[in-house]
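All chains, please: the whole structure from these sequences, using the hints.
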Amino acid sequence: MDIQKSLLHNPQFQFGAITFFAKQHKGDTCGSNGLPLTPNSITVYGRAQLLKIIENPYLCQYIDIIRGKHERTVVVSQYCGKPLTACLNTDNLNVDNIKKIAYQILKGLEELQKRNIVNRNLSTENVLLMEDNNIKVFNYGLYYMTGNGQYVAFPVMSVLYTAPEVYLSKPSSTYSHPKGDIWSLGIILAELVINKPLWNSLKLGQIIRKIMSLLTANGSVFERITREHNCYEKYSELPADLKDLINSCLTVYPSNRPSVQDLLKREIFNNIAPSPMKTKSKVCKPFQNFTIMEFYHWWQLAGGDVLLELKKQGLIRTSPPILSLPKAVLMDGNILGLERNFNLLYDPKVVLMPLDTLYRRFSHIPLSSYYPLIHINSDIIKKSEPPQYDASNLPLVIREKDPEYQFHRTILMRRLLHGYPFTRNLIIKESEKDIPPLLRGNIWAALLHVKGDYEKEYAKIDKTTPTPTDRQIEVDIPRCHQYNELLSSSVGHNKLKRILKAWVSKNSQYVYWQGLDSLTAPFLYLNFNDEAKAFACLSSFIPLYLHNFFLKDNAAVIQEYLAKFMQLISFHDPTLANHLHNINFIPELFAIPWFLTMFSHVFPLHKILHLWDKLILGDSSFPLHVGLSILTQLRETLLNSGFNECILLFSDLPEVDIEQCVTSSLKSYNITPRSITYRKHQNENEKNIENMDEMGITVQELNRERCPRIHFTDVVKLVNEEKAIIIDIRNPTQFSRYAVRGSLNIPFSSVTFGSPVLESIGPHGATLKNNTEKVVVVVGTEDTDLELFPKFLLECKVSRVCVLHGGFNVLLPVSPTILYTPNSPIL
Amino acid sequence: METTIAQNICLNLPLGFTEVEVNVSNDTNIEELIYILINDNKVPVYLEKECYKEIEKHLRDHVDNNYNLVTDKIIQDAKSNTIDVEEIIKEWEKMIREETAEFGEKVCASDEELFALAYHKLVHSPALETMLQLEHTYAQTIRHRVDERDRQIKSLSDIQTDEMTKAVDRLEDEDMNERKINEIAARHFEDHSFLRVQLTSELETLKEAQRREYREWIMQILEQNQAKGSLPTPKSSPLSPSLSTVMSFREPCGFDNDLQNLYLNEESFTIHLGSQLKQMHNIRVLTADVIDLCSINETCLEPTPQLLQTSLALYSNDLSGLVLLTDPVVGTWFTTGFSSICQRSTEFHFPHIEDQYEAINNVIKNHLKDGNSKLLQPGDFYITRHSNLPEVHVVFHMVTDDRLKSADINSRNAVILGLRSILKVACSYDITSLTIPLLLQYEMTEEMTVAWCTKRAELVFKCVKGFMIEMASWGGSDLKNLQFLLPRGLSHEVFQSLTAMLPSIFKVSNPLILKST
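Sequence lines, in order, name chains A and B.
The first sequence begins at 1 in full-length UniProt numbering and counts up one residue at a time.
The second sequence begins at 1 in full-length UniProt numbering and counts up one residue at a time.
Please note that a few of the clues may not be correct.
As the list claims (entries may be wrong) - Using 30 Å as the maximum straight-line C-alpha spacing, the simulated BS3-like pairs for lysine-lysine come out as follows:
no. : chain 1 : residue 1 : chain 2 : residue 2
1   : A       : 69        : B       : 278
2   : A       : 69        : B       : 465
3   : A       : 170       : A       : 234
4   : A       : 52        : B       : 57
5   : A       : 349       : A       : 382
6   : B       : 94        : A       : 170
7   : A       : 506       : B       : 53
8   : B       : 49        : A       : 460
9   : B       : 94        : A       : 451
10  : A       : 210       : B       : 106
No lab work stands behind these hints, which were simulated from the structure alone.
Structure, rendered in structure tokens:
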């Protein structure tokens, strides 16, 4: 139990939140594209995403960015240990500790510098000392996420620790360099050596003046600081290497101040640098059961609410809006009589999030649940374990919100993903249940066969050279799922543009069609920090579901697709098909954007994700079933509408219940024989039915035939499973020679196609009328008319009608045969 | 100075292979750049790593050198006092003080905020009914006094008119001449003003006393409420008739015929905006007089339910706003009707309407002092706050002019743009219900033909729709309810043609039809 406790109660798995307001745009300015400016909080939100992927032992990990109302931004970040300020005035730190702290801060800074991030906020308060005497730097991304301070009104800095050249370059400057952070490190180390806060009693202005006065110091700045704090003896007693280190950090001229790399090379750190990890496997990355990201996700599901916590602990203060209204607003953009709202000021306070609820909620989970792939053979042990948590019968939206269920799912899926590609089959199996939202991006990538070297592949593609499609891409991007914060941020726009350009340049046989942006949006949303993966997913998604849809002349592909769609409607819902046929409301009029974007243009992101969860598991015919299920949901309205109403209805798709849509499309997908939805233009790799296109059904034929054709392999299967009613429309003589077992003979010539009533085909009419589940296969020969009879059945509202492709003769060579010789000819 | 530094780097590739010039900036993805180089310049693949190092080093050196150069210079300047360090320090100090809570002024919650908190808490407690009753009785007293004042003034006017008529009739007589008539007129005017001032001032005093008493009472019951958890009844006060007498008259007043006739025509719609994520809004179109819309049914002995709504939402994040068209003078005669409605009961929360006007006037005067124009322009608006009107908390007084009567105004018209600013304020200050005059006129006039009305309604509908779509990205609160007001004189046919236009402009939600099966 202790191991389990330490798994969950990891001292590093603690987090806190800070909050600030982004600057409001002044007046009513528009962007260069004529569209309204993106609010600064969204820009900040987009920029901050990058910080979430920085993992370094000496940096607190960024976990979440939350955008509140009225330009508020909340940043959730790992926060473990105590700020170094708590160590001042105590005897906790000796010289070796200080050296180690210096080393670890430098390592953290090195990581930031690699990513072109300047900290600007380094202070004793923002360095957290953990119980194991290691440190983590906190709040290092504020300057970066606010675009070097330009999106916020307050200065991003720590007054005491800011380098003199930063002060001299004025508050409005956004110019910055990592060398400023080296100065801050110097001050921190000086503070630790002196063992008390510097210039504690001075006021704001005086502190800045003090720092500026250091400019004119002759000799060592550090020495001067120690003298001012009456502890010169500490300076003189200090080991030469540390003294030297602090002195070089506090060099006035940045040109003489050493860089992070220079400092890390110094001898002083020789004994501190940890020896490189021994025998780390090159193949496998180190594995954690779960990360702080998952931990935070569960915390949220278990009722954790960052905004509420901030409110409770007084960091979010609001006054009723009616009290702060301005007095007048003029056309020139001037707002008069607005009182300063002190609640908008920046408060660097960190609010720690209480974790007890989560601990309690998960306390009963046995250790074995953390290792779901370990199977236990012993019955005794098995019995002692509590039964598996089961929520699989609950609706998907509830499962996604259930902390315990998500715990099990995430742990399991993380395990399986770690074994990808060897575990792909298991991943597919588990994904059929559901996909945990937190890992969706990775799971999709696994389901879409994304290969290991996708990053390099992507890097090699030219995404910068201008192309003729750039203009269209530029126009489409600011209109693509802009209600989503990630996709509406400038970082998001840029990423989307790069992926689209990469796709265009990689697929020269295709052209950019409007809609490709919507198609990319879900992948980018899920892999926002991994453009390459988003691109890789898109690249394998398109050939699977939209093979050749993006050809310059895609008319043949689209027309075949839509004709198949219409046939599928006839197959499952004759009444609706007849109605649509009669009012001439053909799929060309509404379904092209559905299929061209795989519904990503008509649904909001959260619905697309659930839809695609299933889509990615199905083959290229699945979208047809989705289309069908949308129509089914709107069935009543459609049946009661004429052409004009239908057009109006689809000009803006009404709300569709997505869970119902997914279930019903899965249902129709599972009961439809594959050859029904077979298309000539589908991807070659997927064609596992031979001979189907030997006859070469043309689009004209497809459009004329209102019922789909079925391949004989499917017919054989259906007959063997007794799931088919075979209607043989050959003449009785032919029928008596050979016929399919159990087939009904309704000679074509015997039927009068007057009015669409089943009674007119004789006694078998009743059988068809009572049929609800079986597939009705019309079998004829090449000489018989194979259009008129199925059409008649359709008009009689017989569902599941299809025609055997190739006629009766294709059944002759089938072995074992399904044919027999009827004893006596039926009259 | 920018953070990104673009520069051309001359890349000398090892082995003397080739020499290329590349344009690099801070944001350049070096790895991708190299692949482009390899492609375009036929650089051998094995030089990839060296290229990377080379470019990275160049870039870093350049950034470093640039920083060193710039900062060394300013430090040198500071040392030699060629730049004013003190000035810079002051600038930093000011910014830090103004924008950070750590060094900024420590502010406690203002009286206004404390009272707001107390009121909001109590109004959402069982005390609500008592509070509303008390407010109602206070209001009745004031209304009574206002009517009494108006009656006295009127009777004085009548007497004076009478006297004047007689005097004029006697003008032919000897004892009467023009001088005397003027004297009478002057005396009348003086008496009249005196009476008015006297009565109004009495009224003001009463209101002030009521306000003080009420606010004290609120704070007091909050304290008691917190201490005991029970509520005291308000003591009866000379400022209002005793509660018990009022409470005994418990007659349901509900909607009587008057109120139903108030809105001659009205129709509601649920619409949605957005192509993928759909945001629902309610739209109501009605014909009514704007004054009727914010006046209280005074015949009612009970507090009206509309006022309950006002009180509950007053300090919430769901405020109601109203656009009132006016002329460039703050508190003008144009809206006297509105002002007098505000004055018919005590304003317990905000300054009285006249005081609000004055404060607004001062602010505007201060601002316009430097500019050329002394007056507000069309599209400008000022804002007043109210707690004693039904269903309205915030009134946007928007300045208009006669040009609005013309048939050809377009979406760039100042008043239309003013509407956009109003929506922006609404969005920033949680005003989630808003009433807008659809034709931007209150009265039907000759030139307002059917074509004129249709054109105007279409323009306002479309512009407001555009602003609402824009609003979604502002990150404030959404407008939940939007009311479009039409003049009372509008015929039923025109009303219907205007509402018929709405579904073609806004996307009306499809009703969800539940089947009994």
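Tested hints:
| no. | hint | in the structure |
| --- | --- | --- |
| 1 | A/69 / B/278 | holds, 19 Å |
| 2 | A/69 / B/465 | holds, 22 Å |
| 3 | A/170 / A/234 | violated, 34 Å |
| 4 | A/52 / B/57 | holds, 27 Å |
| 5 | A/349 / A/382 | violated, 48 Å |
| 6 | B/94 / A/170 | holds, 12 Å |
| 7 | A/506 / B/53 | holds, 27 Å |
| 8 | B/49 / A/460 | holds, 14 Å |
| 9 | B/94 / A/451 | violated, 55 Å |
| 10 | A/210 / B/106 | holds, 24 Å |
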